[in-house]
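**Q** From first to last, the protein sequence lines stand for chains A and B. Under my numbering, think of the first position of the first sequence as 1, with each following residue one higher. Under my numbering, think of the first position of the second sequence as 1001, with each following residue one higher.
One should not assume that every hint holds.
To be verified - Derived pair list, reagent style PhoX-like, types lysine-lysine, alpha-carbon separation capped at 25 Å: (1) B/K1115 - A/K42; (2) A/K66 - A/K2; (3) B/K1120 - B/K1024; (4) B/K1030 - B/K1076; (5) A/K42 - B/K1116; (6) A/K66 - B/K1024; (7) B/K1030 - A/K42; (8) B/K1115 - B/K1024; (9) B/K1116 - A/K66; (10) A/K42 - B/K1024; (11) B/K1030 - A/K66; (12) A/K42 - A/K66; (13) A/K42 - B/K1120; (14) A/K42 - A/K2.
Just so you know, these hints were derived from the structure itself, not from any lab.
Listed below are the residues making up each chain.
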Amino acid sequence: MKVRDIVDILDGSIVFGEDYLDRDVYRACGSDMMSDVLAFVKEQAVLLTGLVNPQVVRTAEMMDMKCIVFVRGKSPDIGMIDLAQEREIVLIKTDLEMFTSCGLLYAHGLRGGSGK
Amino acid sequence: MEVIQLHYDVNANDFTCAGEASGKLKRELKRLGFEPDVVRRTAIAVYEAEINMVIHADGGAIDASISPECITVVLKDRGPGIPDVSLAMREGYSTAPENVRNLGFGAGMGLPNIKKYSDKVDIDTVIGEGTTITLRINTAPAEN
Ligand SMILES: Nc1ncnc2c1ncn2[C@@H]1O[C@H](COP(=O)(O)OP(=O)(O)OP(=O)(O)O)[C@@H](O)[C@H]1O
Ligand SMILES: [Mg+2]
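Bound-form chain A, shown alone (with noise of 0.2 Å):
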């Protein structure tokens, strides 16, 4: 799927990234830990998140992911779309939480990392 269609599907909102909205990504991963996520390299492009600070985009800068997603209406704040801005990756929240968010990506096609 495409960076655009997670806006659609998860009836969001972009905060940053416009330009980048074609970006082609297959495998997410959900998480509030930051090292979880930096445990597995299965070529994720997408980080789904309820936390909010610049460590959530410096894991993404570390993991070569494409987009972050913020969860039950997170917000970034400025430093972090600064943040995001000069690493080029995409800023997205919206309402739903996570659980819904996984589930409905994942019957959308988008798949986990999954497996050691």
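Following the hints, put chain B with the ligands in place on chain A, whose structure we already have.
**A** For chain B with the ligands alone, kept in the frame of chain A given last:
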């Protein structure tokens, strides 16, 4: 390519900037043309160690030497030291307080991740003085 030496200082108690050094190193490795897998493994291992320097120690310094064959990174902090290294290396072991967990750290996965992504890790720690982590990433698959 000659051996390139890079140095970064890591500030204590600056959670917002933690990861700045790892990010810079990552972009430098990418610019030098290393394989994406090598760049990412180095970035993640150094990032985990940099975060540990900020949350468990009092900041410190990072020195990287980059040669075509391998990347060696030395992370030296002035923190409290690690009393039991084999315990600290265990997945899930963490002494991180509640406020650090609320920031998304303290899963006890950092040191295991460092080990997993590096080809070699040395931890030299002295209680009350600090910890030095030396990690090496081979840039090309070993011959023979
Ligand atoms: N540089 C350090 N100085 C002192 N203690 C450390 C240092 N690095 C790690 N430790 C100790 O080792 C433990 C395990 O570290 P590790 O990075 O694996 O997990 P964590 O930092 O607690 O959580 P996570 O990395 O998953 O966010 C820490 O909780 C801490 O007690
Ligand atoms: Mg850690």
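**Q** Look at each hint and say if it fits the structure.
**A** Cross-check of the supplied hints:
no.: 1; hint: B/K1115 - A/K42; verdict: holds, 17 Å
no.: 2; hint: A/K66 - A/K2; verdict: holds, 11 Å
no.: 3; hint: B/K1120 - B/K1024; verdict: holds, 22 Å
no.: 4; hint: B/K1030 - B/K1076; verdict: holds, 24 Å
no.: 5; hint: A/K42 - B/K1116; verdict: holds, 14 Å
no.: 6; hint: A/K66 - B/K1024; verdict: holds, 18 Å
no.: 7; hint: B/K1030 - A/K42; verdict: holds, 19 Å
no.: 8; hint: B/K1115 - B/K1024; verdict: holds, 21 Å
no.: 9; hint: B/K1116 - A/K66; verdict: holds, 23 Å
no.: 10; hint: A/K42 - B/K1024; verdict: holds, 23 Å
no.: 11; hint: B/K1030 - A/K66; verdict: holds, 16 Å
no.: 12; hint: A/K42 - A/K66; verdict: holds, 13 Å
no.: 13; hint: A/K42 - B/K1120; verdict: holds, 22 Å
no.: 14; hint: A/K42 - A/K2; verdict: holds, 18 Å
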